[in-house]
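Colleague: Can you make the complete structure from the sequences, with help from the hints?
Residue strings, one per chain:
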Amino acid sequence: MLMPDGKITAEGIKELKKRIGVPLRIKIYNEEASIDAIRHFAHGVGDTNEAWDNPGHGFISSTYGCMVAPPSFLYSVVWPSGILAGGLPGVHSFFGGNDWEFFHVVRAGDKISAEAKLTDVVEKNNSKAAGNTVIQYVEVIYKNQYGDMVAKAKGWSIRAERSALKEKGKYANVKKHRFTEPEMKAIYDAYDKEEALGVKIRYWDDVKVGDILTPVAKGPLNLGDIQGYASGAIPPLAYSELPRYLKKHPAFGFHHPTSNRLEPVSRVNTDDYVAAEIGINAAYDYGADRICWIEQLLTNWMGDDAFLKKLYVEIRQPDIIGDATLCKGKVTKKYKDGEDHLVDLDCWAENQRGEITAPGKATIRLFSREVPGGHLYLYEHQI
Amino acid sequence: MVLGQARITDEGVANLKTRVGSYFKGEYIFAHNHMMTKDGIAHWCDGIGDYRNPLYRDPNYAAKTKYGTIVAPPCSLNSILNVSGMRVGGLPGVHSFHSGWDWLWLKPVYLNDTITGTYRPVDIVEKKSEFALRTVIIYAEGIYRNQRDEIVARCIGWSIRAERGTARDQGKYKEIKQYWITPEMQAQIEDMMEKEEIRGANPRYWEDVNVGDTTQPLVKGPLGVGEMMAWAHSIGGGGEVHAFKVRSLRKHPAWGWKNPETGASETIDQVHEQEEAAKGIAIPAAYDVGAQRNSWVSQGITNWMGDDGFLKNLYCEYRRFNVYGDIQFIKAKVTRKYEKDGEHLVDMDAWAENQRGEVTAPGKATVALPSKTAKKGK
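Going down the list, the protein sequences come from chains A and B. Numbering follows this note's numbering, in which position 111 of the first sequence is assigned residue number 173; successive positions increment by one, without gaps. Numbering follows this note's numbering, in which position 206 of the second sequence is assigned residue number 287; successive positions increment by one, without gaps.
Hints are computed from structural coordinates only; laboratory data are not their basis. Be aware that a few hints might be false.
[As the list claims (entries may be wrong)] Derived list of chain B stretches under chain A, where covered just means 3 residues or more per stretch with a C-beta under 8 Å from a C-beta of chain A:
no., stretch
1, 340-347
2, 351-362
[Said to hold, decoys possible] One-sided excerpt, in silico: chain B residues whose CB lies under 10 Å from chain A:
no., residue
3, Met116
4, Gly130
5, Arg201
6, Val203
7, Ile257
8, Gln259
9, Gly307
10, Ala311
11, Ser315
12, Ala324
[Claimed, not checked] Taking CB as the label site, the calculated pair distances span:
no., chain 1, residue 1, chain 2, residue 2, range
13, A, Met211, B, Pro341, 33 to 41 Å
14, A, Gly416, B, His333, 29 to 37 Å
15, A, Glu112, B, Leu187, 47 to 55 Å
Just so it is clear, the structure is predicted and the values come from calculations on it, not from any experiment. For glycine and all other residues, C-beta sits at the position ideal for the given N, C-alpha and C.
Modeller: Spelled out as structure tokens, the structure:
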């Protein structure tokens with residue numbers, strides 16, 4: 063095999079379990095939600111909402127009185143993925159999903175710090191897709207410069223042996239899609255229909271169960287899209303840092319077949335021949351970017367002044383180069399919790415094969431006409 | 082032919098010439114960074130592989146230097162405004178190769194300085210070349226100002242516009258083969274990376290420098306998609322994804338090419354990532370960005386000159402392509418030592434050289450060094 067083929071052993075699992083509860087060493091990509099960093103991140107996600115682009119927009123329109131970061135911006139502080147805990151060298155890691163709870167907005171200029179810990183390690187043997195697997199769960203807490211917890215994220219990753227993945231070949235029949243002109247036109251039409259509510263207010267009173275959100279289109283995914291997301295959110299591993307890192311973590315590297323240069327296993331996200339090593343026919347996205355796309359769907363719909371309280375998304379299958387994605391959503395419940403006027407939604411990412419690649423659920427707090435001066439609510443509760 | 086091709090016409094060139102001299106505005110001078118934040122500077126450094134210089138990263142260290150704070154490395158102004166001829170536009174479907182920079186730095190850029198750039202094309206010259214026969218060279222000027230309206234730097238950048246089809250037919254680079262990195266070469270590279278010397282707080286006094294002194298070579302590569310992904314952190318890779326890409330390609334259709342595998346439209350800048358795209362312009366593999374290599378050359382000098390040195394001028398031409406698998410050795414040599422206007426200066430030759438021994442980017446620099454005789458703070 064091209065990439066290291068580590069095995070899941072009882073000893074490896076024991077080692078990993080020792081890390082439960084211990085603060086993990088993590089690399090912070092953005093320490094500050096600067097105006098530039100917010101824009102870089104949104105541009106990487108392909109989120110065209112002016113709120114993340116134009117500082118003046120937030121100053122004039124929103125109840126926050128300044129530019130704020132999209133909730134997904136925290137991915138650029140640190141990606142709450144199970145693999146933060148490491149362990150099981152040479153065993154592949156698939157990002158499995160996130161369960162977010164948000165408490166405060168991140169304002170432009172806020173300094174954000176994060177703490178992460180491994181919370182659980184679960185074995186799952188004889189899975190159809192990957193043989194023996196291990197799921198590792200982490201929890202990441204994000205705080206601002208005042209020490210307030212702005213969000214808490216649970217994240218998990220699925221560890222599977224590379225040879226087993228290739229042998230089981232769950233995705234062996236999924237080939238790169240070639241788009242016809244009419245198919246491309248349909249995607250472009252979806253792009254054209256996208257709209258961010260922005261300064262307008264979506265009142266809770268006007269929302270009905272069953273309301274459909276305007277879909278957000280992404281793709282057809284190419285290397286530029288993957289590079290774009292990484293450039294706003296994921297620390298690069300290149301130049302002299304790469305051999306230095308691989309000396310410490312040899313199971314994270316391999317040699318390029320035609321130049322013999324050292325490469326990290328994260329090349330599964332950029333190079334088809336590497337993804338093929340684990341039975342996937344093309345390079346695939348990070349998974350985190352897809353959750354950010356779903357967040358764009360929600361922030362587009364809810365407008366500048368509503369607040370995303372909760373978001374749960376599972377990354378069920380890879381989004382490969384050439385795949386087009388539509389992020390969709392639907393209101394499933396409308397209710398009050400104390401003073402909060404809430405809606406629950408189903409939200410998901412769906413590809414051109416009609417497969418749901420990332421199912422999710424969200425809870426959003428909206429303004430209500432029942433509360434006069436709804437804007438003041440935010441100040442009173444210091445969100 | 083994967084990439085669109087168009088000819089250089091008299092009319093196209095005449096149209097281009099009408100743009101000379103006028104300042105460009107709006108989207109044409111799109112800035113990746115507006116403010117040189119701590120993260121922004123660190124991301125710039127990550128993108129060129131300048132990992133260890135604490136002057137650019139460590140606030141506690143930088144507080145003790147003469148600047149009293151983190152400063153931005155000289156070429157990082159490229160993240161505010163990239164000065165190449167490409168922004169001038171014109172000649173749709175004719176490829177643009179950024180070919181060189183001539184920088185003049187006047188003042189340091191401090192942490193959290195807000196920098197704005199002005200941009201205008203200054204000259205357009207036609208030239209015959211071996212690579213693509215008829216070519217046009219576009220020269221542009223960028224001026225950088227800080228929030229105090231002080232000019233901190235000026236950059237002249239130029240690009241060669243060449244017909245893609247003609248370049249392919251000429252096939253000047255078709256003989257280039259991807260380099261196979263031997264274990265010995267890998268060991269040498271890693272050794273050089275480990276020994277990278279950053280002069281830092283130890284002043285390199287002008288009196289101690291002699292003509293003929295060389296800098297410790299810096300190694301960059303072997304080039305791969307990782308380095309190009311990293312470069313996107315320096316100058317922004319996000320602006321043209323998903324909806325942004327669709328908008329951009331609608332406005333500038335000649336900026337797109339159709340990926341033969343997926344049928345989807347992509348941007349031409351994928352020549353730096355995808356072999357398929359690079360082949361469309363007669364380069365056998367994906368290749369680096371000139372600005373990136375120039376920034377490596379400047380790192381070779383900033384590593385050498387230390388915190389008290391100031392890079393005043395750097396001129397660098399990109400002569401050959403740096404393709405995936407190639408390794409660049411960044412070198413410099415002192416050619417002249419002199420005093421001028423109270424400053425203690427050295428001139429240097431500075432260049433990037435690949436594993437085939439070819440100089441891919443020759444350059445010249447002028448550095449002001451601290452002097453033992455000058456008053457402190459000079």
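Colleague: Now look at each hint and say whether the structure bears it out.
Modeller: Hints, verified against the model:
Only residues whose C-beta sits within less than 8 Å of a C-beta in chain A count toward coverage, and the stretch 340-347 of chain B has 7 of them, enough to reach three; the restraint holds. Under the rule that three or more residues need a Cβ within less than 8 Å of chain A, the assignment of the stretch 351-362 of chain B holds, with 3 such residues. The closest approach between the C-beta of Met116/B and any C-beta of chain A is roughly 6 Å, which is under the 10 Å cut-off, so the hint is satisfied. Using the Cβ-Cβ criterion of 10 Å, the hint placing Gly130/B at the interface with chain A is satisfied: the shortest such distance is roughly 3 Å.
For Arg201/B, the interface hint is violated, the least distance from its beta-carbon to any beta-carbon of chain A being 24 Å, above 10 Å. Here the hint on Val203/B is broken, as its CB sits about 28 Å from the closest CB of chain A, past 10 Å. At a threshold of 10 Å, the smallest CB-CB gap from Ile257/B to chain A is about 12 Å, leaving the interface hint violated. For Gln259/B, the interface hint holds, the least distance from its beta-carbon to any beta-carbon of chain A being 5 Å, beneath 10 Å.
Using the Cβ-Cβ criterion of 10 Å, the hint placing Gly307/B at the interface with chain A is satisfied: the shortest such distance is roughly 4 Å. Taken as an interface hint, Ala311/B checks out: its beta carbon lies about 4 Å from the nearest beta carbon of chain A, inside 10 Å. Taking 10 Å as the C-beta contact cut-off toward chain A, the hint placing Ser315/B at the interface holds, the least distance being around 9 Å. Of the supplied interface hints, the one on Ala324/B holds, with its beta-carbon coming within about 5 Å of a beta-carbon of chain A, less than 10 Å.
Distance hint check for Met211/A and Pro341/B: the Cβ-Cβ separation is about 49 Å, which falls outside the suggested range of 33 to 41 Å. Taking 29 to 37 Å as the suggested C-beta distance range, the pair Gly416/A and His333/B conforms, at roughly 33 Å. At about 35 Å, the CB distance of Glu112/A to Leu187/B disagrees with the hint of 47 to 55 Å.
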